[in-house]
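My request is simple: use the sequences and hints to build the entire structure.
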Amino acid sequence: MNVLVKPTGMQADGETAPGEVLLRIDSVSLSFGGVRAITNISFDIIKGEVRAIIGPNGAGKTSMLNVINGFYHPQEGTITWRGKVRRKMKPYEAASHGIARTFQNVALFKGMTTLDNIMTGRGLKMHSGFLWQCLRVGPALREEIEHRRKVEEIIDFLEIQAIRKTPVGRLPYGLQKRVELARALAMEPELLLLDEPMAGMNLEEKEDMSRFILDVNQQFGTTIALIEHDMGVVMDLSDRVVVLDYGRKIADGPPEEVQANQDVIDAYLGVSH
Amino acid sequence: MAGSPVVERLDEDTFPKFLLRNARVFADRPAIREKDLGIWQAWTWAEALEEIRAFALGLRGIGFSAGDKIAIIGGNRPRMYWSMVAAQSLGGMPVPLYADSVAEEMAYVLEHAEVRFACVEDQEQVDKILSTSDALPKLEQIVYDDPRGLRDYDHTRLHSFEALQEAGRAAMAADGSLEAAWLDGIKAAKGSDLAMILYTSGTTGRPKGVMLSFDNLVISARNGNAFDKLDEHEETLAYLPLAWIGDYVFSIAQSYIAGYCVNCPESLETVLSDRQEIAPTYFFAPPRVFEGMLTHIMVRMEDAGPLKKKMFDGFMALARRVGERILNGEPVGFRDRLAYALGEIMVYGPLKNQMGFTRLKVGYTAGEAIGPEIFRFYRSLGLNLKQLYGQTEASVYITMQPDGQIFGDTVGTPAPDVELKIAENGEVLYRSPGVFVGYYKNEEATRATKTEDGWVLTGDAGYIAENGHLKIIDRAKDVGKLTDGALFAPKYIENKLKFFPNVKEVVAFGDGRDFCGVFVNIDLTAVGSWAERNNVNYASYQELAAHPDVYDMIQDHVDQVNRDLAAEPMMAGAQIKRFLILHKELDADDGELTRTQKVRRSFIAERYAPLIEAIYDGSTRKHVRTEVTFEDGRKGAIEADVEIRDLTIHPSSGGGLQEAAE
Amino acid sequence: MFYREAGQYKTTYAADQQIFPIRQDRIGIGVILVLALLLPLVASEFMLSAIAIPFLILALATIGLNILTGYAGQLSLGTGAFMGVGAYSCYKLVTIFPEVNVIVHILLSGVFAAAAGVVFGLPSLRIKGLYLAVTTLAAQFFLEWCFIRISWLYNYNASGAIEVPGREFFGTLITGPAAGGTTRYYVVLAIVVVMTLLIKNLIRGRIGRQWMMIRDMDIAAELMGVRPLVAKLSAFAVSSYVCGVAGAMFVFFYLGASEPAVFSITLSFQVLFMAIIGGLGSLVGSFFGAAFIWILPILLRVGLPALGVDIAAETVFQVAQMVIGALIIFFLIVEPHGLARLWAIGKEKLRVWPFPYA
Amino acid sequence: MDMLYNILIDPFVQMVDAPDFLIQVVWEGFVAGVLYALIALGFVLIYKASGVFNFAQGIMVVFAGLSLVGLHQKGVPAWLALILAIGIMAILAVCIEKFVMRPLVGQPDIILLMATIGMTYFLIGLGEVIFGGEPKQMITSELGLPTGSTAFEMGERGLVILQHIDIAAAVIALLMVGGLAVFFNRTRIGRALRAVADDHTAALSVGISLNQIWAIVWFAAGIVALATGIMWGARSDVSFALEIVALKALPVLILGGFTSIPGAIIGGLIIGIGEKVGEIYWGGLVGGGIESWLAYVIALVFLLFRPQGLFGEKIIERI
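Which chain is which? The protein sequence lines are E, B, Y and F, in order.
Position one of the first sequence corresponds to residue 8 (the numbering used here), numbered consecutively onward.
Position one of the second sequence corresponds to residue 2 (the numbering used here), numbered consecutively onward.
Position one of the third sequence corresponds to residue 246 (the numbering used here), numbered consecutively onward.
Position one of the fourth sequence corresponds to residue 64 (the numbering used here), numbered consecutively onward.
Everything labelled a hint here was simulated from the structure, so no lab data went into it.
Remember, predicted model here, so these are calculated numbers, not experimental data.
Every residue gets a Cβ at the ideal spot worked out from N, C-alpha and C, and that includes glycine.
Pair ranges (Cβ atoms, derived):
#: 1; chain 1: F; residue 1: Val76; chain 2: E; residue 2: Lys117; range: 56 to 66 angstroms
#: 2; chain 1: F; residue 1: Phe75; chain 2: Y; residue 2: Val439; range: 49 to 59 angstroms
#: 3; chain 1: F; residue 1: Val76; chain 2: Y; residue 2: Val364; range: 25 to 35 angstroms
#: 4; chain 1: B; residue 1: Glu167; chain 2: F; residue 2: Pro171; range: 48 to 58 angstroms
#: 5; chain 1: Y; residue 1: Leu280; chain 2: F; residue 2: Pro198; range: 40 to 50 angstroms
Next up, the structure:
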């Protein structure tokens, strides 16, 4: 039975130093049946930066994220992760490579409390065997406690102590988003993908979230790639921005540069921001 | 009571000395507990000593020496408390500040107190200090507890708490004599040395720095412990501002002397649940906290099922009838006792459990007058809640209510070692070992408050009721006269009105005027749920406040107060003739309240001058425009038409102070 | 009302994560266990053999199903068959290795059920929801067929049924017709309690969380590194193991003898109902559900005649069936989360007493 | 070796040797398939309109059959019994809509499925209480359904015997499918139903309350059930054993897809013929009786290759 719980740890291969390219997308194209979602897009994400992916609705942003964490498999193009060309792989492998994400419409585990939801983020780092877990002694118990502590640090970091034991279903939307971030952080990811982390938040919540994202990037040096509609937020948060439109890349560079780019302005014309 | 005898025969006279003693006597008992990372993490007295020593030596390492002052700015965290004692162990003085005060307010105190060091909780406080640092040439070093977000700051003047402790430990390891030197320093200290400087948030003018010696604090704290037989087994919750004398006395002075454990909640949002988890045996809270709890209870019970509601009301009625008598050990019929016992299972017990008072041995309230109803409610549950009358200048204790002699509207008899007298103008004076040394760098203020023979003017007007208990009417300077010469005590009137749950704040006017008029501030929680139950619709506070039904309700309350006043010869003259309900909530951010939520009468008087006019020129409506500050700091203005109503004055019905003796 | 949580503060994570963090609950469970131990003193042979024992065993089976359906979110209509696998493999083990202790056999027999579970669980990797129900039906009918056709399974008895031989445990006869109710009761109680505890530990650990992740949001789960294969198959394996053990006990400690019909789809449904009425995703609910579905018909059987309504035995059974059917619908309507939720609500009410809410 | 021969070669040899027998077997399977298809039809009707997976369809068949026969046994003339039976199905439909579907609207599928399982239990109990549990003879002739059989000569290759009732069954099934097709495409209610299938708000715009629609659908399913019950009863007899057989509609649906009427028919035929042929030519190798599970295994194997069913299109998972 133990084979069922074979540990799936982080990959031990070459650590990437800050400033180096963590992930490179090379002329990637993706389509469903006939429908083209992404057309020949290339860009890279540098270790330690906050990278924004923006664009009007239907520009293929989320698809891009799904490609990055191995949920979709592009028909063409290559993805280089930590200097190694990445083969076609299952989504859960991406997780064990150190890629975590949050979702556009909150994808928490509704049946669990905030605490348990965040604990799930530790799954890949827990290895105690099946029998130990049945008895909940020795390694199993030690593991539970040690990871509970880690989780508590994250709870403390995101200031959600008050809702620790609340079932996530009962939480207001803003807090759910925060718990989801906490869950992703619990994976101690190398690359954190945030899909519209501030969608549907009020001003105050947005400010908090921005602060948290920056703190994460600063405190843990986590590389972040985020999709966001709120231009203001993007400009404040990101080091570099890549702009997509109809599945094509129309601009890539530092925020102010991108903001000035005519194509971008055109793409966004009529789109209220 | 294992350690109690020890507590009795002790010769320690400073808190560092008590620390050393506790580390010896109570080595393995918890000294302080903090809910951190989801569980209650405790430090024994021995561990506390180690932490404090390490920090003290670290502090010494960055140049802190005897006579230095260190500002303490932050929430109720063990390290904040340790830093105070650490400073004292080096012959320095902690100067705790209100963590929520804005940079300017802080800058004044920091500058005035000439602090060279500051120990703060987090980035927020660091930023505040740095933003005004050019105005603070004397401030040299800043120590912070929580490193979050401070990584990229220039650390030439910044130190993390750990770093200093490490430095301290390292230094100790390197130089064996260091610890000995530190201990000698502690031994050398005398009770007459200055222990700390506390800045009182004066309702008027600049804050004054109250200098307190160890003797002041030790003696009054020891008296406090003896008075309520507190020992090392107590549990208290530290949740009140560090800059407030009460917190120092309850969370450090009395704790160090008795050796009991102080518990720090996890965060502001979790205070309630943390209090339930800890279930303190010794608890202090200002009246507004008890008011808040009661309102919260009542609001929730309103939503309970009819049957449960009936049962609740039934048992509460019983409690009102016999609860307090049982608590005071007076004779009560067997059937009532039986019923009360049942109520203990069905209602009282659960309520206490919900509030976290299951283990409460004694609770205190002070700072303001508490509503007799509220006060009686808690006592009738069997909670030994008592009032005390105190001041920073007295190291808290002036009068306290001895067990068994608790009256709603008096604040008790003089505390141990305290002498009391009433000046002819009605002002209360006291003399005690707790009396402060003086105001820091403010001789004339000291002289104005403290006579040569050690009597301190409280600034409060009051009298001794015939049962020997002190009754406070009002701030002495606020007590005035109406044009017809009747005595006018605004605070007294305001409090009477504030005792109604629907009323949050009241400001009364009348000194030198023809009659007494009041501004009323409704309590959103209470009135809100009342509105819900009586399906009164409203979109905003302003709308609710202006609602005719609300006006009617408040009018009844005011009339009730007038009847009460009519029953008191001294007060009957100053009944409320006209009132209005303010269109906005009084707010500290707008400077209408002090940081301790006391009304700034004079400020309000000028801010709402037009409304006051309206009251006295007889108009029944008045349009006003008011500047406000929103949560996010933006400024704006709100406009409103405020209604003003007249009331009937009741004939004085003598009677005197009988209800004082109920 | 009885809760006095004030002062129960936790200083370690171990204390904070224990199964019953509240002292009053610990007392409560203790009392229940003591009562369970004392039951034989007051209970008649009938109450033990016809009510208590099957109730406990079925509760365990329900827990088994709950692991799969309630916690891992994989609907199964094949519980009966998996129980059957347990029963038959236990029978074979006992007859092949008579000298080995029967308890060992019972616990071993679950392994075979687990194997069967894994095999029929494989499709769950590609198939979801109702479609999966069909694959479990396949298991149900295929295995049932095996019990009939593979005469080796019942040692070629002419009757096609299996007879439980008497086996001793430390000198006392615990299986077979001759075994006393009290003895069997204690054995069953012990096994059920211990297994429930182990399962509880499993569920509140990493593996349990994986199951719930798959249940609540399988895509997110996979993106967080959960291998669907591992998670789902482990759920099938553990679930079937528990069902298998329950099945073995069902024959060895309750029926004494059995034929394939016992493990028909009817049993599967019965257990499923127990899980639903008890509340999916709740262990305590499993006990409630089992008690409800098992004891209600008995009550009717005893009750109706007592009420003067004298009707044929099978009619009572049919009425019981109607009532149960109706109750299921009723429950789904008023409380889709079953008795467990009602229990939880009641408990919450007591905790916040006298307030209606916290 | 020998085994392999028995599995891979021998059956086909037999088929070629005795084509008449093969045809006979296929025909048997075909008829069984038609009946599966009819039950599946009931499922599809309800699933289309309310997204409910009606586990109780099988028992509805039994119940319908029982009430028909039962009434007749109580002395009611066949034609009246038939009408009354229809009436009973109507009442049943209304009750189900009122007491089960309406209160449960909006609940997750699994809950609704459970509810129909509960219904199954309830109806079994009810049926037994009213009509008794023992099997009954279907009143085939009384209903004027053909009995007897015709034998077709196939030259010297032997002969195939077709039961008339089977032919009737096929025909009726055909008519019913045709009728439903018309109902769905021509009538207003039918179109409303289709709208409901797509989305519920749309249905309201058509101006029919969901409750009505559901009642109607359940009634329609009831009629189908009655027909099925008669046909089936005529071949074997009316008993609760049918309820288990009815479960075979599940694999049928897996193949055909939950929402496609033609799918149901084709699926039914595949399963029906598949399991008959399998039973006759391969069953013997493992001791026979594989009919009880072959259908599910067929569906299972099928699913592994096309999880979306025969007619469903590929599912693209989104986040």
